[in-house]
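Got chain D sorted already, so can you dock chain X onto it with the hints?
Number of protein chains: 2
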Amino acid sequence: MSDEAFAAVVDAVRERVDPDPEERERLQEAVDTLVARVEDALQSVPVEADVVQVGSTARGTWIAGDRDIDLFVRFPTDLPREELEDYGLEIGHAVLPEGHEEFAEHPYVTGAYDGFDVDLVPCYAVESATAIASAVDRTPFHNRYLEDHLTPDLAADARVLKAFLKGIGIYGSNLRTQGFSGYLTELLVLEYGGFRPVLAAATDWTPPVRLDPEAHGRAEFDDALVVIDPTDPERNVAAVLSTTNVARFQHHARDLLADPREAVFDPDFPEPLSAAEVRDHLDRRGTAPVAVRFETPDLVDDQLYPQLRKSLAGVTDALDRRGFDVLRATAMADDAAVLFVELAVAERPAVERHEGPPIHVRDHAQRFYEKYADGEEYGPFVDGDRYVVERNREVRTAREFLESDALFDVGLGAHVETALEDDYDVLVDDQVATLADGFGVELARYFAPRP
Amino acid sequence: MSDEAFAAVVDAVRERVDPDPEERERLQEAVDTLVARVEDALQSVPVEADVVQVGSTARGTWIAGDRDIDLFVRFPTDLPREELEDYGLEIGHAVLPEGHEEFAEHPYVTGAYDGFDVDLVPCYAVESATAIASAVDRTPFHNRYLEDHLTPDLAADARVLKAFLKGIGIYGSNLRTQGFSGYLTELLVLEYGGFRPVLAAATDWTPPVRLDPEAHGRAEFDDALVVIDPTDPERNVAAVLSTTNVARFQHHARDLLADPREAVFDPDFPEPLSAAEVRDHLDRRGTAPVAVRFETPDLVDDQLYPQLRKSLAGVTDALDRRGFDVLRATAMADDAAVLFVELAVAERPAVERHEGPPIHVRDHAQRFYEKYADGEEYGPFVDGDRYVVERNREVRTAREFLESDALFDVGLGAHVETALEDDYDVLVDDQVATLADGFGVELARYFAPRP
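For the record, the sequence lines run as chains D and X. If you read the first sequence in our numbering, its first letter stands for residue 1, the second for the next number, and so on. If you read the second sequence in our numbering, its first letter stands for residue 1001, the second for the next number, and so on.
In isolation and in its complexed conformation, chain D is listed as follows (with noise of 0.2 Å):
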């Protein structure tokens, strides 16, 4: 019964995101008539270099309507790095007049052909996943490897399954989601040999998981699952996977299996919340809300996801070493970013318990006596075995705490501390329900939390 409405479920899915016979041919043409510019555009270039289609489209794994074509040009080992991203430019700028440089391992130029995305990427020829000068270079391997594994069902199911783990908000290798590559999708489909066996094998993991498809791993890692690269024996693929994200993916296998269902590969957008609401829900819960806004520092997702997450830590690390107990935090960012914590406890007393040393370590005693035995602290009474004094606390509200000098002494990321140099606002109490304008909905998701 089960079975049958989970393979229901499954039919369903594969009819949205199969893609077509007529929508595989447009791909086809396309990718044939940029691999023929390159290769023309290659002639006018001093080196030997060849081209080859790389990602899920060139795998047969993409999931239908997804419209990216990566090209990889390959260059000689021997070309300085200079040359190898000058030639690419170059290269990339004839096939796509229309498109304009970004920036991953080298510059690259992206751009649109007959409504795909394209992106047309240098890299070096180099003999194995082992040997490679940058991480791009891995990616023809990881190409080859799974061509010559992936039969067209496991393709199917490799589909379903990134359009599961997008459903649940956990597809992407990117440092902003911190889910499943494709690459490493793909390679879970292989393991376990299905879809659905993907699932009942996750249902069961205790993190954490090692999966090494060829053997031939040579590494430890610390990471909640570690998936040995088939192409690389000291690689996890599944590196940048946060161990909440593993945690979350055992609860949606098992929800799935228990409860199969369409919806759960529907991607969850809530309505955004207004100030109102937000209002609403800091009064039912009764928390202090703090939160420091600043200019959102331009970087890409990659970097710039890695700084709010570790600013966020410094912040709420700082502000609960204070006193300040912090319930739950978020960053988030568009043109402004935020840094959004909600206190259980946003101001304290006057004076603070401070514990000097033992007394029976005669010097260290006497000198924490004698620095406080005159001063306007309570004590040094005696406690146990140490002096202790009530003493002055510095800062007695977590406003005060953020709009002091001290925020800039916990682990802010490089480029948010630079923009938080530049300028900021602390919000507190109500002042946090304007956020609602523009970050609608981060706060639905914030108060709404689900796995």
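Derived from the structure by calculation, the hints contain no laboratory data. Where a beta carbon is used, it is the ideal one built from N, C-alpha and C, also for glycine. If a hint is listed, it holds; no wrong ones were tucked in.
One-sided excerpt, in silico: chain D residues whose CB lies under 7 Å from chain X:
1. 248
2. 251
3. 286
4. 345
5. 381
Frame of chain D; chain X shown alone:
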């Protein structure tokens, strides 16, 4: 220089604490009369018994003006306990016709004679201090040991040490003070050879400190100071001395040696605080005070204070666990008893974080998820490898907790629990200032804590 100053202080103190010949003579006359009366009274009981004077007035270590005479009546060890108690009281009333009964290990009679406070205590005439039937049986052995070892000079130094301990508030082995007993004081003077050597040694103590004058100790103890009883190898004479009071002694020993002055020997009786002064302190400190006030259980101090301390620890632990951070607390007792707790946080949000099991622990995790999935909590969501919910708190304020039945789930002293079951008040914020009426001195000490 410091040596001279120290000697001058000790000389001055001796002037005050050494009983003069007239006092000694009056005391001796009183003792002789009382002993004769006991021996007379013993004629009318049908067992062999004798009387022995014990305590500081027996050993010549009493401080001038102390007026305690302790007489122990020793009965044969084969006398049933009930008869010992009957004969003891009979003799007591005969010797002290105006006296009244009190209860320690046995009932005994206490009363006045010629301006002296007399205790007449029955005990068993055991063979040795290790063969005792109750703690009072040990006392005559302590007396004999000290008579054999204390020279007049050492006895004089013991008086100075007692005066010092009284001055700094830690003399007395009752369970309210948890300080130094007279016997312990005298043993320390014996062990180190005088008042100043005791102080000099204490400045360098690294607890646990173990002294064993007769080198016969047969047991291990957890206490900060261990002094094996010369008359009982299994007993620590300093067992009731608290860790805090050992540390206080070390502090004041260093202090007196560094800055000899007579004022230290005067007990500190601060001016009682007024209600307005209590409010001023609380305003300055910005704390949230709460107090539980109830009728003082009808117990001797040795039973009352341990119960108050236990109750205070139970209440402060429970408040801390609920996020009402305790800054400091104290128990006070007169006609009313009060558990006084100064909080850094008196109110919490409506919700609290509640962590579930790791998601990979499938059965537990699923039970947790199902329990909360349809409730009014926020979540369950995933954080790290666990489910988390934010559920409603049962109590949001310290007052609500103290007024709830949950107060009776904390570890309270038995008689305190009974008293609270009968009736109690909860005072918060400004209301606690009314405690100045009755506890002004205690509050003065609380708000000017000293070593």
